[in-house]
Structure formats: structure tokens, C-alpha cells
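S.K.: For reference, the chains in residue letters:
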Amino acid sequence: MTLVQRPLAGSGGHVLPVPNSNPETASRAQLAPNATLAARIDVTDSLAIFSVVLDEPLSGFRPGQYVSVGVFADGAFVQRPYSVVTLRGDGDRVELFIRRLATGAMTTLLWGLTPGSRIRLGPPRGLFVLDALDARPRLFIGTGTGLAPLLAMLDALVTHGDQSPNVLIHGVSYQGEFGYAARIGGWVNAGLDLWYVPTVSRPDDALNSAWSGTAGRADAVLAQVLEADPSLAGGVAYMCGNSNMIEACRETLLNAGLRREDVRAEQFHVAPVTQRV
Amino acid sequence: MSYVIAQPCVDQMDQSCVAVCPVDCIRSEPGIDRKFYIDPDQCIQCGSCMSACPNNAISPLNALPAEWIDYAWVDAAWFRDRDIAREVLGEVLEDAAAAAR
Chain P
1 MTLVQRPLAG
11 SGGHVLPVPN
21 SNPETASRAQ
31 LAPNATLAAR
41 IDVTDSLAIF
51 SVVLDEPLSG
61 FRPGQYVSVG
71 VFADGAFVQR
81 PYSVVTLRGD
91 GDRVELFIRR
101 LATGAMTTLL
111 WGLTPGSRIR
121 LGPPRGLFVL
131 DALDARPRLF
141 IGTGTGLAPL
151 LAMLDALVTH
161 GDQSPNVLIH
171 GVSYQGEFGY
181 AARIGGWVNA
191 GLDLWYVPTV
201 SRPDDALNSA
211 WSGTAGRADA
221 VLAQVLEADP
231 SLAGGVAYMC
241 GNSNMIEACR
251 ETLLNAGLRR
261 EDVRAEQFHV
271 APVTQRV
Chain R
1001 MSYVIAQPCV
1011 DQMDQSCVAV
1021 CPVDCIRSEP
1031 GIDRKFYIDP
1041 DQCIQCGSCM
1051 SACPNNAISP
1061 LNALPAEWID
1071 YAWVDAAWFR
1081 DRDIAREVLG
1091 EVLEDAAAAA
1101 R
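Protein chains in written order, with this note's numbering: chain P, 1 to 277; chain R, 1001 to 1101.
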């Protein structure tokens, strides 16, 4: 533990042990495992769906929120927040959509887990939540695993028998990364008023050679969607993904006439040593 | 490297940061504290608090404006000795007020 003198003249010379960044100092009881990994379903080599069963139901979850996922490894406790895709069962089965980062400490640990591994999930957090009572048209825009909180919102709309028009634009680099197309198709077949627009941003890549659908970045596709259905300009938008996409889409939405308060976003934040996914 | 809550939070305490922190590492004592504090032991550097704060009061330590560098000490100290952290916060605010004059 380091002793640090506050560097202010006239401060009285207080000397305190300043906490270091070792997560081991956190209370072990507070960080006790409370969930079990049930399954990992690989979508690609670096993209997977994690199914987790909690010892106790997750209370207070609102579609769009995230939870911290914590793993013990080599005497350390590593945590990262991940958006919840679905909460099933009696609120005790959580699904997460996670991309493995090449240099990500947390995702390396997660991919090393086997079914039955014990982990810790924190309480649901976040202000990016669905307003299900707002009956205006909704635009959902996500890139990569930014789809996760949008799926939770759409899932809730299906459950509630929502009748409003919805659009979902999901941008990925490669066609193999859509992951949830079948589930989304099922929602449409079940009666959800949803215009689903999957798009690949690298149509000329060999990995997309079999792709015959929409191509282009999410913000460009959004502009086309707004042009095709001008009534969407009177709606509300929910976006999740990288900050460049969000800012580009925000500008497009505002230019189309959406009010600033109706453009809601959860962006992946690039922190000094880690990345929000 | 933790995030730090600096002067714009003082007497504002919007609480959005508390609502978004996935590991509940942002604390204060209601009715006593004039700002929130981030526990550097618990912070996982996700940046959610910074994005949520309407007062732009939160920065990663390595991007903390020089005039607010003492807030890093204050935040860390609060989780060791709240009284001293509050006392030092008072001094920091007095110094800032004097500099402004």
C-alpha cells in the first residue's frame, strides 16, 4: 500500500494510505460467486452467446440495462459490464452477447470457462431503458454486440403485445455475425410490427461473398430507412454501439427531425485500460 | 486507473453516476457529503459514470484537469477516512475560491 501526501500547501499535511488498484482488496464476501455458466453458444470464433443461471432471481431489471460479470482467476477478481439480452425463467436465467477481444483480459477469462463454472453477476444498472408506454414508432440501431440491449427491449415489446411500428438496423462487419436473425424472424412471425434491416459494412470482403442483403454502415442505412418511411421522424430512437456510429446516426436522426431527447444511446466507452462491450 | 469525481459535482450530486455504475463503487453519505466519491479499489474503468454525468464532473485519472488533481486524493481518501477527506475537500474548495478571486 502506498502512502501519498496530498500535494497542497497548507493542507495540514494529511497522510493517508491511498487505495491501490488491486481488486483483491475488495470484500470477498461482497464478491462471492452467485451464478453458474450454463452454456456458451459460439456464433463465430470471437462472438458468443453466454447463458447464465443465477442462484437468486435478478430483481429490478429494465430492458436495456447491463450487469457486471465477474470472474475469479489467479487470485484476482475481474469484472466488466455487459448488456443483458434476455432475462428468462423466474428472472434467474440471463443471456449475454459478448465479443472476444484480442487483448481483453475479461473475455480471455470468459472464453476459458466451462459450463458449471461459478461467476458473479452484479445488479442491473443503466439509464438506457425502453419506454414501453411510448407508442410512437421506434428506431433501434445497433452495431455488433450493441444489439444486446435492443434485443432485450424488443423481447419486452413482444411479451407486451406491442402494436407500434419498430425498425431494427443491425450493422456488422461480416454476415456470420448477425447471430440473432432467427429469433428476430420469430418475433416478426409472432406479430411484432418490426422492419428488420441487417447490414454488412464490408460487402466486398470474401467473408461476405454469399451476402445478398443490405450493405453499408449503419448510419448510411439509417438515412435510407428514414427516406423510405418519413413517419419515423416522429418517433424515438434507441442506439447502442461504438461512439462513431452513434454520433453519425444522431446527426442523421436530428437532421430528419427527431427531437434531441428522443435520441437515446448507450455507447461503448473506451476506457484507459479496458473497453466496454 | 480509476475515474475521479471533481468540482462540478460539488453541491450538485445529480446521482446519474450512481444509477449506472455496474459495481456500485460510487458513494456518499446523504445529508453530509457535498459530492460523490469513486472507490478506486472497486472502479472497473467502464466509463459509464462519465457518460452519464450531466455536469461533466467525472474524468479518468489520466485525463483529470490539472486544477482538479486533488480530487483524486479526496476520492481515494474518502474510503479510508471520510472526515479527513471532507476536511481536505473543504480546503480544496477554499483554495479554488481564493484562486477565482
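Treat the hints with care, since some could be wrong.
Unchecked claim - Pair by pair, the computed Cβ-Cβ distance ranges are:
# : chain 1 : residue 1 : chain 2 : residue 2 : range
1 : R       : Arg1101   : P       : Arg202    : 54 to 64 Å
2 : P       : Pro57     : R       : Asp1081   : 35 to 45 Å
3 : P       : Ser173    : R       : Arg1034   : 40 to 50 Å
4 : P       : Thr159    : R       : Arg1082   : 38 to 48 Å
5 : R       : Asn1062   : P       : Val188    : 42 to 52 Å
6 : P       : Thr36     : R       : Arg1082   : 50 to 60 Å
7 : P       : Glu261    : R       : Glu1094   : 21 to 31 Å
8 : P       : Asp204    : R       : Asn1062   : 34 to 44 Å
To be clear, the hints were calculated from the coordinates, so they are not data collected in a lab. From the three backbone atoms N, C-alpha and C, an ideal C-beta is built for every residue, glycine too.
S.K.: Is the hinted range of 34 to 44 Å satisfied by the C-beta distance from P:Asp204 to R:Asn1062?
M.R.: holds (39 Å)
S.K.: Is it true that the C-beta distance of R:Asn1062 to P:Val188 lies inside 42 to 52 Å, as the hint says?
M.R.: holds (46 Å)
S.K.: So the hint says 54 to 64 Å: do the beta-carbon atoms of R:Arg1101 and P:Arg202 match that?
M.R.: For R:Arg1101 and P:Arg202 the Cβ distance comes to about 58 Å; the hint holds.
S.K.: Does the Cβ-Cβ separation between P:Thr159 and R:Arg1082 fall within 38 to 48 Å?
M.R.: Roughly 44 Å apart at Cβ, these two residues keep to the hinted range, so it holds.
S.K.: Return holds or violated for the Cβ distance of P:Ser173 and R:Arg1034 against the range 40 to 50 Å.
M.R.: holds (47 Å)
S.K.: Take a look at whether the Cβ-Cβ distance between P:Glu261 and R:Glu1094 falls inside 21 to 31 Å.
M.R.: violated (38 Å)
S.K.: Does the beta carbon distance between P:Thr36 and R:Arg1082 stay inside 50 to 60 Å, or does it fall outside?
M.R.: 37 Å Cβ-Cβ, so the 50 to 60 Å window is violated.
S.K.: In this structure, is the beta-carbon distance linking P:Pro57 and R:Asp1081 contained in 35 to 45 Å?
M.R.: holds (38 Å)
The structure fails hints 6 and 7 (numbered hints given earlier, in ascending order).
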